[in-house]
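Enquirer: Next come the chains, spelled out residue by residue.
2 protein chains.
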Amino acid sequence: MHKVNIKNLLGTKFPIIQAPMAGVQDSTLTIAVSEAGGLGSLPCAMLSIEKIVSEIQEIKAATDKPYNLNFFCHKAAAYDAEKQLNWQKILKPYFKELGIEFDPLARGANRVPFNHDIADAIEPFKPALISFHFGLPDKTLIQRIKSWGTKIISSATTVEEAIWLESKGADGIIAQGLEAGGHRGMFLSNDISTQMGLFALLPQIIQRVNIPVIAAGGISDKQGVQAALLLGANAVQIGTAYLLCLEAQTSALHRAAISSAQSAHTALTTLFSGKPARGIVNRVMRELGYINPLAPDFPYAAIEMTQLRNHAEKLGVNDFSPLWCGQNTLDCQTISARELTLQLAGINEKI
Amino acid sequence: MHKVNIKNLLGTKFPIIQAPMAGVQDSTLTIAVSEAGGLGSLPCAMLSIEKIVSEIQEIKAATDKPYNLNFFCHKAAAYDAEKQLNWQKILKPYFKELGIEFDPLARGANRVPFNHDIADAIEPFKPALISFHFGLPDKTLIQRIKSWGTKIISSATTVEEAIWLESKGADGIIAQGLEAGGHRGMFLSNDISTQMGLFALLPQIIQRVNIPVIAAGGISDKQGVQAALLLGANAVQIGTAYLLCLEAQTSALHRAAISSAQSAHTALTTLFSGKPARGIVNRVMRELGYINPLAPDFPYAAIEMTQLRNHAEKLGVNDFSPLWCGQNTLDCQTISARELTLQLAGINEKI
Chain A
1 MHKVNIKNLL
11 GTKFPIIQAP
21 MAGVQDSTLT
31 IAVSEAGGLG
41 SLPCAMLSIE
51 KIVSEIQEIK
61 AATDKPYNLN
71 FFCHKAAAYD
81 AEKQLNWQKI
91 LKPYFKELGI
101 EFDPLARGAN
111 RVPFNHDIAD
121 AIEPFKPALI
131 SFHFGLPDKT
141 LIQRIKSWGT
151 KIISSATTVE
161 EAIWLESKGA
171 DGIIAQGLEA
181 GGHRGMFLSN
191 DISTQMGLFA
201 LLPQIIQRVN
211 IPVIAAGGIS
221 DKQGVQAALL
231 LGANAVQIGT
241 AYLLCLEAQT
251 SALHRAAISS
261 AQSAHTALTT
271 LFSGKPARGI
281 VNRVMRELGY
291 INPLAPDFPY
301 AAIEMTQLRN
311 HAEKLGVNDF
321 SPLWCGQNTL
331 DCQTISAREL
341 TLQLAGINEK
351 I
Chain B
352 MHKVNIKNLL
362 GTKFPIIQAP
372 MAGVQDSTLT
382 IAVSEAGGLG
392 SLPCAMLSIE
402 KIVSEIQEIK
412 AATDKPYNLN
422 FFCHKAAAYD
432 AEKQLNWQKI
442 LKPYFKELGI
452 EFDPLARGAN
462 RVPFNHDIAD
472 AIEPFKPALI
482 SFHFGLPDKT
492 LIQRIKSWGT
502 KIISSATTVE
512 EAIWLESKGA
522 DGIIAQGLEA
532 GGHRGMFLSN
542 DISTQMGLFA
552 LLPQIIQRVN
562 IPVIAAGGIS
572 DKQGVQAALL
582 LGANAVQIGT
592 AYLLCLEAQT
602 SALHRAAISS
612 AQSAHTALTT
622 LFSGKPARGI
632 VNRVMRELGY
642 INPLAPDFPY
652 AAIEMTQLRN
662 HAEKLGVNDF
672 SPLWCGQNTL
682 DCQTISAREL
692 TLQLAGINEK
702 I
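Chains as they are written, first to last, in the working numbering: chain A, 1 to 351; chain B, 352 to 702.
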């Protein structure tokens, strides 16, 4: 039924993708997962072109196994000075409390959608796989990527998005259940009530598309992997379980929140970037509302919050930090990514 | 590890509970499911005591198989005349549009929490199992029920609720993933962001309680049942898949919505009862907002809406109907409940 074989699509020993997690990992995690037999991912959305190239070089120097490059492909909204000023007013009491001045020259919103400059830089590597978040780039970019022999996958959060992705040329669909941490891949609607639990989303997407489907959201252990495959997924993508891994760059503050009772309550919030993303509920989320319609569009909401965050984190306070995390932290362990990948695959290395 | 054996708890051939669905079923569905080898449920929350008794008599006359009685056990809020008047103002344009007058004597909110009068009426039947929604009744009622030898189960929508239910004497937990249709069983929080997808909720509840766990939400077929069991559930509870069954009393309007593209988008809404429940998005949900803080407390929000609904439905319009439905309608089929139950159990009767 599926046109593309999942083994050909991923090229890995195990049907397990480590979810790209911008801000908490670099190529170190990618390499460890790929070497273990999963598909390591490199989140490129917040990296400069030079950094993307050097990270790919790191990966290729360390492993000959397949890897995944992840990019954002949002439609960049225009900067709205009025909305931004209003948001700054709302955040002003926090700046006052922390005793810092808002830096009007600060950017902090460096999330550039995939473009031809990036394509120029990665073309020499002819990557086997690229995953996108927030839909797909335009037709010329898709054609250009495909001309390298590169396969493309992207996240769907509704059946409608899965059908759209297939129609635009995706080679695989990541069915992103709302259990998942970090940014929702949603791109056809802003209404978070459209978001579905994996048990509902996965079978409905599988029934409606003819390309491989990768299950994501809430999967944290071997049983979860097997349950997703039993529901018809061709592979799984797992993020949260990797957050405490030795090779992840998750901050001490973020690790502490994941390991604490605070992680029992995550919520989708627009406060940190302007797009809904799942993180552990913290002070600013409680005080300003998880989904605040006054937050500037993606990625501009990040500008001021990043300044608050940077200062507060130095004080050991996570009040303004995007504590990205899925709904299931049961199997977050401070172990090597190799050990976790083998656990997920059901392999007991010690035997 | 689990103290109570699931076979003893349910007493059925298959580990499948048909979810009680007030308003769209009576004992006919209960009997059909129980006779097929699942556990049929009778939703009693909206029935008079006389009707509860006559329905139990119907069940016992038709089958000697186990059945489940379901009751609500919400803390009844006080009627707030001011809030209600304000809500009537908000709904007034709809009454005007339909050309009807609001009936100030109307009740339409007949959802009485479980009490000693109900216990008096059902005690002679010594039911094997009772399921509750919205927590558990008070200690004396729990002790009274248990003195009959009756087992008690209830829904948890968070890990915290599961631990609470076990501590108060529940014999089993229904882990209600947010994919599920109808009312959320939530009782320790009103914040719908606390609600989790089944893939995340189920393993975390299993890890934290020592009683059987029943998985609910988004399960619609044999693979779904098996996946939930693989994740560690002792049984499953399934509602939405039964909505189109021949023995269900789901209205033609409701059936049409389930079978149409409209059912691709369900949302949690407080408009129809005052408590969050998942239904297919319709006009009044779009226009007043799914979760409207001005809606009166449960169950008083139902009073006026029921009048609008009753009138509109006569015109063939579902604008004001609570179209309860889960996020997965993939396997809703107009077949007998027997056939569906056997499908879910993986039994092909034709062989």
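Source of the hints: derived by calculation from the structure; they are not laboratory data.
A couple of the hints might just be wrong.
As the list claims (entries may be wrong) - Straight-line distance between alpha carbons at most 35 Å, and here's what the computed DSBU-like set of lysine-lysine pairs gives:
(1) B:Lys358 with B:Lys519
(2) A:Lys7 with B:Lys426
(3) B:Lys477 with B:Lys519
(4) A:Lys83 with B:Lys440
(5) B:Lys573 with A:Lys168
(6) B:Lys402 with B:Lys497
(7) B:Lys519 with B:Lys497
(8) A:Lys146 with A:Lys314
(9) A:Lys222 with B:Lys434
(10) A:Lys60 with A:Lys126
(11) A:Lys222 with B:Lys358
(12) A:Lys83 with B:Lys358
(13) B:Lys477 with B:Lys665
(14) B:Lys426 with B:Lys665
(15) A:Lys13 with A:Lys146
(16) A:Lys83 with A:Lys314
(17) A:Lys146 with A:Lys75
(18) A:Lys75 with A:Lys92
(19) B:Lys477 with B:Lys402
(20) B:Lys402 with B:Lys434
(21) A:Lys222 with B:Lys477
(22) B:Lys426 with B:Lys416
(23) A:Lys96 with A:Lys314
(24) A:Lys222 with B:Lys519
(25) B:Lys447 with B:Lys519
(26) A:Lys75 with A:Lys126
(27) A:Lys13 with B:Lys573
(28) B:Lys573 with A:Lys89
(29) B:Lys426 with B:Lys358
(30) A:Lys168 with A:Lys7
Fair warning: this is a prediction, and the values are worked out from it, not measured in the lab.
Enquirer: Hint by hint, note whether the structure agrees.
Expert: Verification of the hints:
1. B:Lys358 with B:Lys519: holds, 22 Å
2. A:Lys7 with B:Lys426: violated, 54 Å
3. B:Lys477 with B:Lys519: holds, 21 Å
4. A:Lys83 with B:Lys440: holds, 33 Å
5. B:Lys573 with A:Lys168: holds, 32 Å
6. B:Lys402 with B:Lys497: holds, 23 Å
7. B:Lys519 with B:Lys497: holds, 12 Å
8. A:Lys146 with A:Lys314: violated, 44 Å
9. A:Lys222 with B:Lys434: violated, 50 Å
10. A:Lys60 with A:Lys126: Holds, at about 12 Å.
11. A:Lys222 with B:Lys358: Answer holds: A:Lys222 to B:Lys358 is near 26 Å, not above 35 Å.
12. A:Lys83 with B:Lys358: Judged against 35 Å, a Cα distance of about 59 Å means the pair is violated.
13. B:Lys477 with B:Lys665: Violated, at about 40 Å.
14. B:Lys426 with B:Lys665: The given pair, whose Cα atoms are some 33 Å apart, holds under the 35 Å limit.
15. A:Lys13 with A:Lys146: Status holds; Cα separation ~24 Å.
16. A:Lys83 with A:Lys314: holds, 28 Å
17. A:Lys146 with A:Lys75: Given that 35 Å is the threshold and the Cα spacing comes to 21 Å, the pair holds.
18. A:Lys75 with A:Lys92: holds, 29 Å
19. B:Lys477 with B:Lys402: Given pair B:Lys477, B:Lys402 holds - Cα atoms ~17 Å apart, limit 35 Å.
20. B:Lys402 with B:Lys434: Holds, at roughly 32 Å.
21. A:Lys222 with B:Lys477: violated, 42 Å
22. B:Lys426 with B:Lys416: holds, 32 Å
23. A:Lys96 with A:Lys314: holds, 16 Å
24. A:Lys222 with B:Lys519: holds, 32 Å
25. B:Lys447 with B:Lys519: violated, 48 Å
26. A:Lys75 with A:Lys126: holds, 25 Å
27. A:Lys13 with B:Lys573: holds, 28 Å
28. B:Lys573 with A:Lys89: Violated. B:Lys573 to A:Lys89 sits at ~54 Å, over the 35 Å cutoff.
29. B:Lys426 with B:Lys358: Holds, at roughly 32 Å.
30. A:Lys168 with A:Lys7: holds, 22 Å
Violated hints, in rising order: 2, 8, 9, 12, 13, 21, 25, 28; the structure is consistent with all others.
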